[in-house]
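Participant: Below, each chain spelled out in residue letters.
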Amino acid sequence: MRKQFVVTSSELLLADDQVVVVLGDISHFQFMGLQNRMKDAGQPQRIFNMGICENAILSVGAGLGAQGMFPFLHTINPFLTERCVEQIKLDLCYNQFGANIVTTGASFDYAWDGATHHCYTELAVLRLLPGMEVTQPGNPKELDTLLRSQYRNGKPTYFRLSDHSHPHNFPIQFGKANILKETPGAKVTVMTAGPILGNVAEACAELPVNLVYFNTIKPIDHEVIARFRHTKILVVHDAHGLQEAIHEVPDLSVAYHGLPDKFCVWYGTVHDIRKTIGLDPAGIRAAVQQRLA
Amino acid sequence: MTPACRQIRKNILEASRASGHGHIPTSFSIIEMMCAVYDTMRHDPKNPQWAERDIFVLSKGHAALGFYAVLAQYGYLPVEELKTFGAFQSRLGCHADRLKVPGAEVSTGSLGHGVSVAAGMALAFNIQNSPRQVFTVIGDGESNEGTVWETVMVAVNQKLDNYTILLDANKSQIRSLPLDNLAARFVAFGCDTIEVDGHDLAALQAALAKPREAGKPRVLVCHTVKGHGCPTLANNIFEWHRKSPKPEELEVLAKELEAA
Numbered sequence: 001m002r003k004q005f006v007v008t009s010s011e012l013l014l015a016d017d018q019v020v021v022v023l024g025d026i027s028h029f030q031f032m033g034l035q036n037r038m039k040d041a042g043q044p045q046r047i048f049n050m051g052i053c054e055n056a057i058l059s060v061g062a063g064l065g066a067q068g069m070f071p072f073l074h075t076i077n078p079f080l081t082e083r084c085v086e087q088i089k090l091d092l093c094y095n096q097f098g099a100n101i102v103t104t105g106a107s108f109d110y111a112w113d114g115a116t117h118h119c120y121t122e123l124a125v126l127r128l129l130p131g132m133e134v135t136q137p138g139n140p141k142e143l144d145t146l147l148r149s150q151y152r153n154g155k156p157t158y159f160r161l162s163d164h165s166h167p168h169n170f171p172i173q174f175g176k177a178n179i180l181k182e183t184p185g186a187k188v189t190v191m192t193a194g195p196i197l198g199n200v201a202e203a204c205a206e207l208p209v210n211l212v213y214f215n216t217i218k219p220i221d222h223e224v225i226a227r228f229r230h231t232k233i234l235v236v237h238d239a240h241g242l243q244e245a246i247h248e249v250p251d252l253s254v255a256y257h258g259l260p261d262k263f264c265v266w267y268g269t270v271h272d273i274r275k276t277i278g279l280d281p282a283g284i285r286a287a288v289q290q291r292l293a
Numbered sequence: 294m295t296p297a298c299r300q301i302r303k304n305i306l307e308a309s310r311a312s313g314h315g316h317i318p319t320s321f322s323i324i325e326m327m328c329a330v331y332d333t334m335r336h337d338p339k340n341p342q343w344a345e346r347d348i349f350v351l352s353k354g355h356a357a358l359g360f361y362a363v364l365a366q367y368g369y370l371p372v373e374e375l376k377t378f379g380a381f382q383s384r385l386g387c388h389a390d391r392l393k394v395p396g397a398e399v400s401t402g403s404l405g406h407g408v409s410v411a412a413g414m415a416l417a418f419n420i421q422n423s424p425r426q427v428f429t430v431i432g433d434g435e436s437n438e439g440t441v442w443e444t445v446m447v448a449v450n451q452k453l454d455n456y457t458i459l460l461d462a463n464k465s466q467i468r469s470l471p472l473d474n475l476a477a478r479f480v481a482f483g484c485d486t487i488e489v490d491g492h493d494l495a496a497l498q499a500a501l502a503k504p505r506e507a508g509k510p511r512v513l514v515c516h517t518v519k520g521h522g523c524p525t526l527a528n529n530i531f532e533w534h535r536k537s538p539k540p541e542e543l544e545v546l547a548k549e550l551e552a553a
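Protein sequences appear in the order of chains Z and P. First residue of the first sequence: 1, per our numbering; consecutive thereafter. First residue of the second sequence: 294, per our numbering; consecutive thereafter.
Hints in this document: simulated from the structure, not taken from any laboratory. Note that this is a predicted model, so its numbers are computed, not measured. Yeah, the Cβ is synthetic: ideal placement off N, Cα and C, and Gly gets one too. Treat the hints with care, as some may be off.
Stated by the list, open to error - What follows is a list of derived Cβ distance ranges for each label pair:
| # | chain 1 | residue 1 | chain 2 | residue 2 | range |
| --- | --- | --- | --- | --- | --- |
| 1 | P | R535 | Z | P250 | 40 to 46 Å |
| 2 | P | S469 | Z | N153 | 41 to 47 Å |
| 3 | Z | H271 | P | A380 | 57 to 63 Å |
| 4 | P | N437 | Z | H28 | 30 to 36 Å |
As the list claims (entries may be wrong) - Taking lysine to aspartate or glutamate pairs in the EDC-like style, the calculated list, with each CA pair at most 20 Å apart, reads:
| # | chain 1 | residue 1 | chain 2 | residue 2 |
| --- | --- | --- | --- | --- |
| 5 | Z | K89 | P | E438 |
| 6 | Z | K89 | P | D390 |
| 7 | Z | K155 | Z | D221 |
| 8 | Z | K155 | P | E438 |
| 9 | P | K452 | Z | D25 |
| 10 | P | K303 | P | E438 |
| 11 | P | K503 | P | E532 |
| 12 | Z | K141 | Z | E11 |
Said to hold, decoys possible - So the derived list for chain P, only partly shown, Cβ under 8 Å to chain Z, looks like this:
| # | residue |
| --- | --- |
| 13 | H388 |
| 14 | R391 |
| 15 | P395 |
| 16 | H406 |
| 17 | V410 |
| 18 | A411 |
| 19 | A412 |
| 20 | L416 |
| 21 | A417 |
| 22 | F418 |
If we strip away everything but chain P, and leave its shape as in the complex, we get (with noise of 0.2 Å):
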């Protein structure tokens, strides 16, 4: 785990804490794709408005905490702001809302819905010709929901390959309706489709970076461990789904993430 990674947890783990609100362990899955896909992305954290930046869209809304200690530690927003998650009158509500958090592009929170918003972003980029590229990240949870597969259909059927979708595999399906060979899924709907340890920021930077396919919808199937850097969280997904960390607990976490 890198320090950045490794801090970005931290920031999560304390603004729990402090707000009583929980949803750590999904946000922990997926701190390393966001990472690598704001290290590979143009933008600008002090103009998040640029028009010519590329477009983020966390469309498993409910990462949120996650999001935003990610766009803390690249200079959206201030890091003692991550406390006030779900306070009342806070701009960080437990769904992201674009009309109040610099860097949200798409207010989310129900599934299956930014996936296909950003679809239609990257379509408009295509018809003006402009280099604008479109990243959403997934869960496989998500991948329940048939508007996810209406839009890669469509996203392939228009060459949409300014349109990456990181899936975050971290498994939390197998309590209802998994999801088993993702990538073949993807690669019979015709994504160019790369499997990655979603762990591995070199990794996945490797894998933004790679030649496209030209013409096609690229799919990361990122392979995550829910609650990745504390086993406790890991090994209790269910218990700490929504949890937020007692004093004694946080310290417990604190130290497995700065052992991980």
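So that you can see chain Z by itself, here it is in the shape it has in the complex (with noise of 0.2 Å):
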């Protein structure tokens, strides 16, 4: 997803001269190309390597959305969001100025870092902030659906990347949930959303279940779930966040199947880390199993 990130932003740069990238001194490198093309060209400067520095980049990144630019603010998960909750609670939502965040590394793609590299809130958090999008696109085309359907909205809005995409392909819309699978007569609906919807459609293969897709936890889609509300619901999601969301909707019947309440500090892989919480195949299926029971 960071790669296309790359491509995407980079297009759109090109495309649109309010576009603004600002990096916490990562993926410098992919843009070094298109920002010397720039310059040969005689282009103003409008991708910055500002430095190890997530606050002041939140707060420039404000003040470049309220004159008339569109940044995309872009660095390691927890460093530019769980570090910066006020930069974006202040500067950006009750300023009304608008800034794309764009993270990479969630949940656990630095499962070998340990936990300060780990994403365990920013999706709740962010979430209840007033005026926030929240998104989490599950691999790299929807990532350029959002980003190219919300860049330009003057809203503050977050997109979590990973670099685990799930593999499945289908059309999908920002705000808009996607029933992936309905059973006739389900007693439960897993909801889930993101890059671990590939664990999930795997688990969920042979079982008399609906499957819902997210790719956008606020605005979260009510219809969608509103639909499902005479089953139990089961929130499969590698993050917290998602099952929040989902009871805006009242009187639903819900369960979660996700983090937790510890610190995930095990290191190796994304995969050794999902095993062991019980977020691979054979840990969502037992958990649906057991919810189905």
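Make the complex out of the two chains shown on their own, each in a separate frame, by following the hints.
Facilitator: Following this line, the structure appears as structure tokens:
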């Protein structure tokens, strides 16, 4: 997805002279070619590797958004979100200045680095901020769709990227859930979001359940959730935020299968972490079967 | 003290008395600084959203009453409205909301934010090849915040020579984390730094008009007195930090102001 971010934002940089990319000292190598071409063409600098200063990047991004630019602010997830909650709350949301926050590394791409590089709370926290849009694309194509549809709307919008995409291919739209499987008479509806769909879809393939997929956590698709309110809902997600958003629709029966109340500090890879907390296909299947029982 | 600056301070005292809200000393320390900026920058009180205007951001947001009084003096607000300061449904909160106050460009309050948003605006104007300038007032207390220094590093590195920080060096931080040698710090960071008497309007105007060092953000280290104009305030800054004057106190402060 990070490569797709470079591709899409580069195309937008060339097509739209109000686009600015601000990097927190990652992905800069991938932008260097375009940066040099723009410089050689005598164009104003609009790609900035600003440094390891995430709080300043957020606020500077708000200032850019305030004065007619459409910035993409980009670095590793927890540093640009959990570290910068007050900048997002005040400089973007309270001031109603727009910016696109594009992070990478969720949830456990950097499993080997420990909890400093993991993302546990940011979807849940950011969705609570007034005026914020929160998305979690599941693969590069979804990211491309969401970036293009939202980057210019003048709102603070969050894009949560991972390098471990799901393999499925279906059209998506900002704010709309996809019903990927509807089983007549199903008593359980599994709801999920983002890259973990790969494991969830595999786990549910042979089970008599409905499967709903979200690319947008805020605004959450109330209509689709309400359609399955007569069923028992199981939220399967490698983050907090989706289950809380689903509760915007009242009177649901919701259970959550996802992050434990502890830091997942066993190193290894994302797959090791997912397996340990029951978010591999077998673990998810067991959780769904328990909900079906 | 110029008659206009005296009148602004008088309006602050009366608004504080009427509203019951304070932050008078911190407001008093930046009146000349803000007047110098409003005398210098391109702005139009009749059209606060004028597309070619320069930008002023009050980063030390707790001096909002002083900011409103200056805005009133320059025609953005009716003076009488100052008395609604902090009242339910007033436009004038104890920290400014840009969506409510004509002339407020950034809603501030938590320290170390406005200064950074202002730098982003200056960067936008550079990208747009626009002559628009950005001015921001920060406090010495605010300069305890790490984001101030992150932003100064970024502003220097991005060569924001359309960006001016006016630092209100009113020494309020003697109570906790004082920053000595402020000018030397900004010089060391690479800023075009000028030290000035923050209550000398002509000196402030001259400093703002001075030709700039190309490619450098400018910092005016403005030496000020918290509560300037009223010895009762200046000699008791901690007691008066948030206090609103009682009628008899207002009388004393007004007399002191007339004598200043």
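Participant: Look at each hint and say if it fits the structure.
Facilitator: Against the structure, the hints:
Checked against the given bound of 40 to 46 Å, the beta carbons of P/R535 and Z/P250, roughly 43 Å apart, stay inside it. Judged by the Cβ atoms, the range 41 to 47 Å given for P/S469 and Z/N153 holds: they are separated by roughly 42 Å. Separation of Z/H271 from P/A380 is about 59 Å and conforms to the stated range, judged on CB atoms against 57 to 63 Å. The given range of 30 to 36 Å is respected by P/N437 and Z/H28, whose C-beta atoms sit roughly 31 Å from each other.
This hinted pair checks out: Z/K89 and P/E438 have alpha carbons roughly 17 Å apart, not beyond 20 Å. Note on Z/K89 and P/D390: the hinted pairing holds, with a Cα-Cα distance of about 14 Å set against a maximum of 20 Å. For the hint pairing Z/K155 with Z/D221, the CA-to-CA distance comes to about 19 Å; that is within 20 Å, so the pair holds. This hinted pair does not check out: Z/K155 and P/E438 have alpha carbons roughly 27 Å apart, beyond 20 Å.
Pair hint P/K452 plus Z/D25 holds up; C-alpha atoms about 18 Å apart against a cutoff of 20 Å. Distance hint between P/K303 and P/E438 is unfulfilled; the C-alpha atoms sit about 31 Å from each other, more than 20 Å. Proximity of P/K503 to P/E532 is assessed by CA-CA distance (about 38 Å); at most 20 Å being required, the pair is judged violated. A hinted pair counts as satisfied when its Cα atoms are at most 20 Å apart, and Z/K141 with Z/E11 qualifies at roughly 15 Å.
The closest approach between the C-beta of P/H388 and any C-beta of chain Z is roughly 10 Å, which is over the 8 Å cut-off, so the hint fails. With a cut of 8 Å, the hint placing P/R391 at the interface with chain Z holds, because the nearest CB-to-CB distance is about 6 Å. The criterion of a C-beta within 8 Å of any C-beta in chain Z is not met by P/P395, whose closest approach is roughly 16 Å, and the hint is violated. Against a cut-off of 8 Å between C-beta atoms, the interface hint on P/H406 holds, since the closest Cβ of chain Z lies about 6 Å away.
At a threshold of 8 Å, the smallest CB-CB gap from P/V410 to chain Z is about 4 Å, leaving the interface hint in force. Taken as an interface hint, P/A411 checks out: its beta carbon lies about 6 Å from the nearest beta carbon of chain Z, inside 8 Å. Annotation: interface hint on P/A412 holds; nearest CB of chain Z at approximately 6 Å, less than 8 Å. Given hint, P/L416 at the interface with chain Z, holds; its Cβ is 6 Å from that chain's nearest Cβ, closer than 8 Å.
Interface hint status for P/A417: upheld, as the beta-carbon distance to the closest one in chain Z is roughly 4 Å, under 8 Å. For P/F418, the interface hint holds, the least distance from its beta-carbon to any beta-carbon of chain Z being 7 Å, beneath 8 Å.
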